[in-house]
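Colleague: Here is how the chains run, residue by residue.
2 protein chains.
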Amino acid sequence: MRTNQYYLATLREISSDTENISHQLMLRSGMIYKVGSGLYSWLPTGLRVLKKIKNIIRNEMNKIGAIETLAPIIHPAELWEKSGRYTTYGQELFKLIDRRNKKFILSPTNEELITQMIYHKIHNHKKFPIHFYQISSKFRDEIRPRFGIIRAKEFIMKDSYSFHTNQRSLESTYNMMRKTYSAIFNRLHLNFFCLPAETGRIGGYISHEFQAYCNQKYEKISLNKKVSKNKIISSMNTDQLKLVEIKNKSELFKKFHIYKNKILKIILVHSSNKDIPYVGLALREDHMLDVNKAEELYLVQKPLKILNNNEIKAYFKIHVNYLGPINLKCPLIIDYYAVIMKNFISGANIDNKYFFGINWYRDIFVKYVADLRYTANQNIKNKNKDTHAYLKSIEIGHIFQLGTQYSKIASNMKKNYHECLLMGCYGIGVSRLIAAYIEQHHDSNGILWHQEITPFHVAIIPICIYKSEKVKKTSEKIYHQLCNHNVEVLFDDRLINPGIMFTDIELIGIPHILIISENNLKNATIEYKNRITGHISKIDAHHAADYVLKILKNF
Amino acid sequence: MRTNQYYLATLREISSDTENISHQLMLRSGMIYKVGSGLYSWLPTGLRVLKKIKNIIRNEMNKIGAIETLAPIIHPAELWEKSGRYTTYGQELFKLIDRRNKKFILSPTNEELITQMIYHKIHNHKKFPIHFYQISSKFRDEIRPRFGIIRAKEFIMKDSYSFHTNQRSLESTYNMMRKTYSAIFNRLHLNFFCLPAETGRIGGYISHEFQAYCNQKYEKISLNKKVSKNKIISSMNTDQLKLVEIKNKSELFKKFHIYKNKILKIILVHSSNKDIPYVGLALREDHMLDVNKAEELYLVQKPLKILNNNEIKAYFKIHVNYLGPINLKCPLIIDYYAVIMKNFISGANIDNKYFFGINWYRDIFVKYVADLRYTANQNIKNKNKDTHAYLKSIEIGHIFQLGTQYSKIASNMKKNYHECLLMGCYGIGVSRLIAAYIEQHHDSNGILWHQEITPFHVAIIPICIYKSEKVKKTSEKIYHQLCNHNVEVLFDDRLINPGIMFTDIELIGIPHILIISENNLKNATIEYKNRITGHISKIDAHHAADYVLKILKNF
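Heads up: the sequence lines are chains A and B, in that order.
Position 458, counted from 1, in the first sequence is what my numbering calls 1223; the numbers after and before it change by one each time, with no gaps.
Position 186, counted from 1, in the second sequence is what my numbering calls 951; the numbers after and before it change by one each time, with no gaps.
Do not rely on the hints blindly, as some may be mistaken.
The list makes no distinction among identical chains, and a pair is therefore deemed to hold if it is satisfied within one copy or across any two copies.
Calculated cross-link-like contacts (lysine to aspartate or glutamate; reagent style DMTMM-like; alpha-carbon spacing at most 25 Å) [as the list claims (entries may be wrong)]:
no., residue 1, residue 2
1, LYS816, GLU1253
2, LYS891, GLU1234
3, LYS817, GLU1217
4, LYS847, GLU1160
5, LYS1019, GLU1283
6, LYS847, ASP863
7, LYS817, GLU1283
8, LYS1019, ASP1051
9, LYS891, GLU1241
Honestly, the hints are just simulated from the structure, not real lab data.
Nothing here was measured: the structure is a model prediction, and the numbers come from that model.
The shape of chain A in the complex, shown without the other chains (with noise of 0.2 Å):
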């Protein structure tokens, strides 16, 4: 593609209501353009990111043998009045009428629409399981839509359903969803994790969510205190969590021969939020609070006021060496040495009980982690004076068991086929990908994109292309041989100061970059710029399109 013949539509400005580096970075490299309060167009660099991704996601889905299919968009109100979603929904539900008034909504989710599908159109139960799924433009009445295309009204989604005749398949196919799940995050190269969670106005019984962290605040942790990324994200293979009995706090050292830095413990304090009255302090068991840390996180109360053992049997009804992070009934700030540990131990909070095998993001969310540990050396403290890290994240996927709670609707309206499927739903916000994936892949230039998904795999940056018949004749030969291989290349024509072109192709995140000048060419050399790695080199100019090809092939 010629940038002539391409609408680049890179910005250099951008306004000021942008609160995130993803949508910054979208709005800039011309990848979207907002039409209105959550409401935006893809534009060329974006929808061809925007594709790659759907293939990926097309491609997983259907080696585990799900089958495309697509819903309109419009849904007839009653089916959702069947299920009672018409009005539980609530707010974020887009309803309309048609000139008949006859009631519709925007659909937003779609398990009314295939179990009816299902009930109408499949009476052999040797059809069981099966799996169908769909991408297409979703729809959410937002509150207050923000974060670029992370919390719009209108959205693209991967939605798909699976209908089981037994539990034992439904878990089946569960579990594959949650390996599919990682397979799609791992090829778009997106740091992620996996929780149980709440199953919301979706319904059913057992459900996880994958939520992918935001890069700037994670960085920071993983730089400043080597909480490598494996070991978080590893936290998803680990023990099965287990309850076991035990009567004093000291038989875990004595019975169960357990190190302290196995434990966790929790302090409690009082808040300095009105509507919570104590927040929890998680540290290793062998590690101390430091009180003036704690003071200066906004969410406790200073001075520092530690709850006592009564305070806590009145509030918690628990004994204080019970107290746990699973089930407690107030906000968790997590120390830095404590957000890393893996298959610990703590109260279960519940009297005579303890949690052997916890793992944060598994069993529980991680919202707030800080600096909480005293160390003797009072330098660090002064070094860190953000103390309060803010661990944000975006939810990219969602995982339910559903079981007959869709099914035992549809069923009564056809009255011939009584059995009750079990039935599975699995989504996964394909545009929010884009945006976590960005939030986690750039840098002060711009995106920084993986070869999977890139808009470009290669960017010709030709100096005084309309001077230099030399530079001309070089850069569409390397051009029309890169195209013949089907390498996306976006060779960047325009009569402009070849500083914008640096300036555009980086921001917009080319991976491979060849630079084609008259001085270079005197000797016979071009040079390649790695994206990613900022590398410079020269090579050779009459080989410039194989070592590119090499390059892409060994990526």
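Got chain A sorted already, so can you dock chain B onto it with the hints?
Modeller: Here is chain B on its own, set in the frame of chain A:
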């Protein structure tokens, strides 16, 4: 794809409310599922075809440098209020409000939105002409949804918008789009025609629409009356229409030396319909009207009552000599011999004026075609009892030169950009194309797909696969060989009567069918059936895959 892992969704029965063959066949072959009035889900087989058609359109649009984008479905109403269409578009516009009572519409088309973006984002004249397209769901609050996906509330449309700084540039793109649309419809093997059209609610000053014939009636004409398809389609490139002053009809013969078979005459008769007083019958000047045939037409009053000169003068305000098909104030029924005329001459419905170079479809919409001509051989009349052929057609594309209609409004939005851009807009009813295709390509057993858009290239029908190890082994081998060459194969591995398999495969319309049976394998052969020709041949079982690959290549 193995049928057991697929969702075939074919139906034995069809509901009685399907009015046309494409609707019936799409439901029966499991391409679509009806969710509600004018609302359909695309099932796996339908979605496969839809995707291929989308890609053909993308391919042709990309060839002429149009750039793909994707607008949201919900548009802020204020954009439509500014253009005036929020009210003028009428009741077909779906309107909705969000939780804050802000007004929105569900997009039937995108002129306002794209124009706003152009004016906000493009400030450099050199970027023009620029042409954006998108393929997405569109909405129309139809008063009476019918004909399946042909007249639906929600449908898939390719809409595109070009912007120009001068009329010549607009015309050049407009003409290119006429060619591109023809290329797309030809690739889809559609029998279509293009004619000047009303601009309607879209606005603008020049417009053409593309109509696809509905097969049944058209075939009757072409077979019975030898109207070759090429003749009608070639009417696209013909003489210019000219208005010529002629004082006396005899001048035509004396001064211009015109043969009578190049002139069209109109005979006006009383109508059988109370709402329409008169009906025109169009014949070649050298042909005579058969009164008996005319009386059998349902629009014509029986006994036939031909208007005299005074009656014509009173109602049509012109002399009988200057009657013609263009701007005629009543419906027109065209004789089979008249409808195949090209570059012909007829009155202009203005006294002393004739049109030269008239062509059907381009200059006049053809709605009613019938056998009107008197012939000495009276047997013909009785043979053809169905005398009133109704040439139905489906609108599949529409192109407009809009001029400055929308850009005027947009330029007011952004004051620093004063020039009014000229605009063209171009639509294709993507989902409709499938219906139009099926109307033209089917037989009594089902759909007949061409290779480029068929849901599967090849079907494998193994006879008694669960009894014969030999059949199983051969089928699996051929299946894998074809899959390895990226051939899309439907392998019917269902444990059912082979008769049902045949019915399903022929209904779906897969063009190449391989039948593998124990009996034939004894002679090391299998059967190949061509769905379109119906021809069955025995082929070498060992080289079956190669045989099919060769056919697919030569298609």
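Colleague: Of the numbered hints stated earlier in the document, which are not met by this structure?
Modeller: Failing hints, ascending: 4, 5, 7.
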